[in-house]
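Colleague: Let's have the full structure, built from the sequences with the hints guiding it.
Note that the protein sequences, when read in sequence, are chains A and B.
Be aware that the first sequence starts at 1, since it is given in the numbering used here, and climbs by one per residue.
Be aware that the second sequence starts at 1, since it is given in the numbering used here, and climbs by one per residue.
I should point out that these hints are in silico values taken from the structure, not numbers from a laboratory.
Just to be clear, a hint being listed does not mean it is correct.
Said to hold, decoys possible - Think about it this way: if two alpha-carbon atoms lie no more than 30 Å apart in a straight line, the pair counts; the simulated BS3-like pairs of lysine-lysine are:
| id | chain 1 | residue 1 | chain 2 | residue 2 |
| --- | --- | --- | --- | --- |
| 1 | A | K78 | A | K68 |
| 2 | B | K100 | A | K78 |
| 3 | B | K100 | B | K71 |
| 4 | B | K110 | A | K68 |
| 5 | B | K110 | B | K57 |
| 6 | A | K24 | B | K100 |
| 7 | B | K71 | B | K17 |
| 8 | A | K68 | A | K24 |
| 9 | B | K1 | B | K57 |
What the hints assert, rightly or not - Some chain A residues judged to face chain B by a derived CB distance under 10 Å, without partners named:
| id | residue |
| --- | --- |
| 10 | A2 |
| 11 | Q6 |
| 12 | Y35 |
| 13 | M40 |
| 14 | L45 |
| 15 | P54 |
| 16 | D56 |
| 17 | P81 |
| 18 | V89 |
| 19 | A100 |
| 20 | E101 |
| 21 | A102 |
| 22 | F103 |
| 23 | F104 |
| 24 | G105 |
The structure presented is a predicted model; accordingly, all values stated were derived computationally and were not measured.
Quick reminder that beta carbons are idealized off the backbone N, C-alpha and C, glycines included.
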Amino acid sequence: DAGVIQSPRHEVTEMGQEVTLRCKPISGHNSLFWYRQTMMRGLELLIYFNNNVPIDDSGMPEDRFSAKMPNASFSTLKIQPSEPRDSAVYFCASSHSSGAEAFFGQGTRLTVV
Amino acid sequence: KNQVEQSPQSLIILEGKNCTLQCNYTVSPFSNLRWYKQDTGRGPVSLTIMTFSENTKSNGRYTATLDADTKQSSLHITASQLSDSASYICVVSGGGGGNKLTFGTGTQLKVEL
Numbered sequence: 001d002a003g004v005i006q007s008p009r010h011e012v013t014e015m016g017q018e019v020t021l022r023c024k025p026i027s028g029h030n031s032l033f034w035y036r037q038t039m040m041r042g043l044e045l046l047i048y049f050n051n052n053v054p055i056d057d058s059g060m061p062e063d064r065f066s067a068k069m070p071n072a073s074f075s076t077l078k079i080q081p082s083e084p085r086d087s088a089v090y091f092c093a094s095s096h097s098s099g100a101e102a103f104f105g106q107g108t109r110l111t112v113v
Numbered sequence: 001k002n003q004v005e006q007s008p009q010s011l012i013i014l015e016g017k018n019c020t021l022q023c024n025y026t027v028s029p030f031s032n033l034r035w036y037k038q039d040t041g042r043g044p045v046s047l048t049i050m051t052f053s054e055n056t057k058s059n060g061r062y063t064a065t066l067d068a069d070t071k072q073s074s075l076h077i078t079a080s081q082l083s084d085s086a087s088y089i090c091v092v093s094g095g096g097g098g099n100k101l102t103f104g105t106g107t108q109l110k111v112e113l
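Modeller: Here it is in structure tokens:
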């Protein structure tokens with residue numbers, strides 16, 4: 001298995017633009033997580049899905065952020081409109097269940113200028 | 001409040017030396033504790049996962065300990081190598097509402113010649 005695949009690896013965008021980050025979890029995994037990592041705050045869980053259903057989105061910072069998982073093999077994290085403070089590395093991870101070991105993707109480094 | 005604190009924040013050691021990283025948590029109820037290694041520019045990779053009943057778990061040169069009574073964990077690295085240079089993140093699962101994850105901010109380890 002190729003592991004968790006995220007795209008793009010890097011994204012530079014202007015403030016106000018819409019940004020869409022994509023994730024393909026490991027085949028057979030039932031849980032998918034979106035994280036944000038910054039130097040100041042470390043890793044933060046934004047939202048996680050079980051069987052394509054959002055279970056806990058309490059970490060989503062505000063309404064500008066939204067996540068979808070239309071099927072078991074694909075998820076998106078959208079920021080609209082983007083702001084400079086959204087600049088961070090966004091990781092997607094998947095696991096067999098919410099309590100099992102999570103496998104992380106390589107991350108998407110987002111820079112909003 | 002659920003918190004995970006790691007120490008030291010950063011550490012520099014010589015190749016071949018041993019080191020111990022600390023993790024204190026206040027997460028309750030407790031489900032499990034994980035140590036992740038994150039190389040620069042990559043996603044975190046799980047080293048160990050420990051449940052309430054486990055005191056020690058090893059993964060090669062990495063040995064994690066857990067004292068659930070004092071809510072402390074340590075990660076001991078034996079005979080360090082240059083490739084051990086990374087950020088080590090302690091993550092505690094629990095805290096009510098399912099397996100909610102609380103992250104430490106990590107210890108940045110640098111191994112030098």
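Colleague: Find the hints from earlier in the document that the structure breaks and name them by number, from lowest to highest.
Modeller: 4, 10, 15, 17
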